[in-house]
Amino acid sequence: MTCEEVPRVIDAYLDGELSVAATLQAHEHFAVCENCRRILESEAALHGLLVQEARADAVPPELRSHILGELGTAEPGRSRSARRLAMRLGIVSGFVGLAVLGWIVTERIGSHPMTPLAAELASKHLLYGEGHGGVLELVTSEPATMVTWFKGRLGFPVRLPSVARRPERLVGGRISSVADSPAAYALYDRSGQSISLFVTRRVPFARRGWTERQVDGTELYFASLRGVSLIWWEEKQADRIYAAASGGEEEALVEFALLCIKGGQSRPAGAALPVRLVARPLAAPGSLHRRPHRSGAS
Amino acid sequence: MSSQERADRDRIRRFEADVLVHLDDLYRAALRLTGNAAEAEDLTQDTCLRAFERLDQLRSPGAARVWAFTILRSIFLRRVERQSRTAGVDVIDSPLLEAGEVLQDTYEALRPIQETPLGEVREALRRLPLPYREPLVLAHIGGFSYKEISEILAIPLGTVMSRLFRARRLLRSELREPARRTRST
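Sequences listed follow chains A and B, in order.
Counting in the numbering used here, the first sequence tops out at residue 325, every number present.
Counting in the numbering used here, the second sequence tops out at residue 906, every number present.
Please keep in mind that the hints were generated in silico from the structure rather than gathered at the bench.
As the structure is a prediction and not an experimental result, all values here were calculated from the model.
Accuracy of the hints is not assured; some may be wrong.
If you want a taste of the chain A side facing chain B, the calculated C-beta under 7 Å gives, among others [stated by the list, open to error]:
(1) 28
(2) 48
(3) 77
(4) 84
(5) 86
(6) 89
(7) 166
(8) 190
(9) 195
(10) 198
(11) 274
Okay, the calculated beta carbon distance ranges per label pair [stated by the list, open to error]:
(12) 756/B - 31/A: 32 to 42 Å
(13) 759/B - 263/A: 46 to 56 Å
(14) 276/A - 799/B: 39 to 49 Å
(15) 175/A - 795/B: 46 to 56 Å
From the derived model, a few chain A residues whose C-beta atoms are all more than 10 Å from chain B [as the list claims (entries may be wrong)]:
(16) 81
(17) 87
(18) 170
(19) 186
(20) 204
(21) 234
(22) 260
(23) 265
Backbone N, C-alpha and C define an ideal beta-carbon position, used for all residues, glycine too.
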């Protein structure tokens, strides 16, 4: 990507509308071009400002009950003017949050084969987790607050780990999408390293191209792309998948995945894992790093 | 409980799960479209009631959000037409901006944009012409993709991109010169 192309794609980049390939190309350009990075930061600030502005509303707290009250007594087709008159009564104010959905079309990058899921997770991690600001819709360090916020927007429960006494710190989250399905996105910080957590519905053919490993009795699926380590696992009872991404060491990411799976009851940070996982160099850009199977192929 | 009562209750439950879960964002969008809290409440309520009446037309829960926002916009536009406040919605589109139209100097000259008071942002947003305000509201409040915005506004994808691009440039320009009051809805 060149400096001349940046202004044309910057909105789509920040809106998560670029293809995975273009997102990664833009990301690489911003990493080396200070001028374009400054433009990106300014645009991201404008996006962030709009998100903040959208959250700053007082929504009438009785709006919902008024509407439900009307539904309970109204037959479809009842006079709309009569309903309108009734519903105008007694509305007062309160505060709630905002959802922003994003999505990126999945595809291949150049001639390098990779799974659409890995590409999408890696590019969204780079987009949301690399400090461009304005991409988080709720900034909070409280998992319970984040969980409640997700529930009101996604319609399905999301479990986030307790990170008390852990090196990870919840930064915030947003609504995103994975494989065109709505997804929760939570951003964590571990000693300056961003960790992304995605929660979404089960993705068809998700295992294809990933390496399966049994860790602590749990099936984890691994991939690595453009310096981003990726792990996902299923929450079978809830028909969800959870995916974690980080540019840091894979072992720390596995530790984080196990923390998520056990809901915060896992071993303290840095304690030995039951299966020795050797930290490997991250894959070269565009390639999918394959690791040997420890148990069963996906 | 009679079968009719059971059916009515199921219908309301479905409405709550599929449509009412988006109530807050519908209200926020209504507020930015109307610029007035009372009108926004009224618009939101009418939207919900119409959605309830037509719940059988909803294809799947996944389509509910786009569907509800489409209803909201349809009711809003009808009101705008009734009040004769519309201002050439169809004539403002122009081809996508060229890269050269992005004034890079604004990035240098501006105060850090993140320091802009939210009240100024809201005012600037309110002053945006409706065709630019609509896609911004849908993108930032609705969280919709370009494709979904295109569906809701019934305009081509390229027009969505063009309007969003221009909307943000206009907004930036307004924020740079908050005293300027040249645009109105």
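Okay, the hints, checked on the actual structure:
At its closest, the beta carbon of residue 28/A sits 12 Å from a beta carbon of chain B; the interface hint therefore is violated under the 7 Å criterion. Residue-level restraint check for residue 48/A is violated (minimum Cβ-Cβ distance to chain B is 17 Å; threshold 7 Å). The closest approach between the C-beta of residue 77/A and any C-beta of chain B is roughly 4 Å, which is under the 7 Å cut-off, so the hint is satisfied. Given the 7 Å rule on beta carbons, the hint for residue 84/A holds: about 5 Å separates it from the nearest Cβ of chain B.
For residue 86/A, the interface hint holds, the least distance from its beta-carbon to any beta-carbon of chain B being 5 Å, beneath 7 Å. For residue 89/A, the interface hint is violated, the least distance from its beta-carbon to any beta-carbon of chain B being 10 Å, above 7 Å. Against a cut-off of 7 Å between C-beta atoms, the interface hint on residue 166/A is violated, since the closest Cβ of chain B lies about 13 Å away. Interface hint status for residue 190/A: violated, as the beta-carbon distance to the closest one in chain B is roughly 26 Å, over 7 Å.
Taken as an interface hint, residue 195/A does not check out: its beta carbon lies about 26 Å from the nearest beta carbon of chain B, beyond 7 Å. Restraint check, residue 198/A versus chain B: the minimum CB separation of about 17 Å is more than 7 Å; hint violated. Restraint check, residue 274/A versus chain B: the minimum CB separation of about 25 Å is more than 7 Å; hint violated. Checked against the hint of 32 to 42 Å, the pair residue 756/B and residue 31/A passes, with Cβ atoms roughly 38 Å apart.
For residue 759/B and residue 263/A, the Cβ-Cβ distance of about 49 Å falls inside the hinted range of 46 to 56 Å, so the restraint holds. For residue 276/A paired with residue 799/B, a C-beta distance near 58 Å fails the hint of 39 to 49 Å. A hinted range of 46 to 56 Å is violated for the C-beta pair residue 175/A and residue 795/B, which are about 32 Å apart. Not every CB of chain B is more than 10 Å from the CB of residue 81/A (nearest about 5 Å), against its label as outside the interface.
Interface exclusion of residue 87/A from chain B breaks down, the closest Cβ pair being 6 Å apart, not more than 10 Å. Taking the minimum C-beta to C-beta distance to chain B, about 21 Å, the non-interface status of residue 170/A holds against the 10 Å cut. The claim that residue 186/A lies off the interface holds: its Cβ sits roughly 19 Å from the closest Cβ of chain B, which is beyond the 10 Å cut-off. Separation of residue 204/A from chain B is inadequate, the least Cβ-Cβ distance of about 8 Å not exceeding the 10 Å criterion.
Distance to chain B confirms residue 234/A as a non-interface residue, since its nearest Cβ pair spans about 24 Å, more than 10 Å. No Cβ of chain B approaches the Cβ of residue 260/A within 10 Å, the least distance being about 24 Å, so the stated non-interface status holds. Listed as outside the interface, residue 265/A is consistent with that label: its C-beta sits roughly 17 Å from the nearest C-beta of chain B, beyond the 10 Å cut-off.
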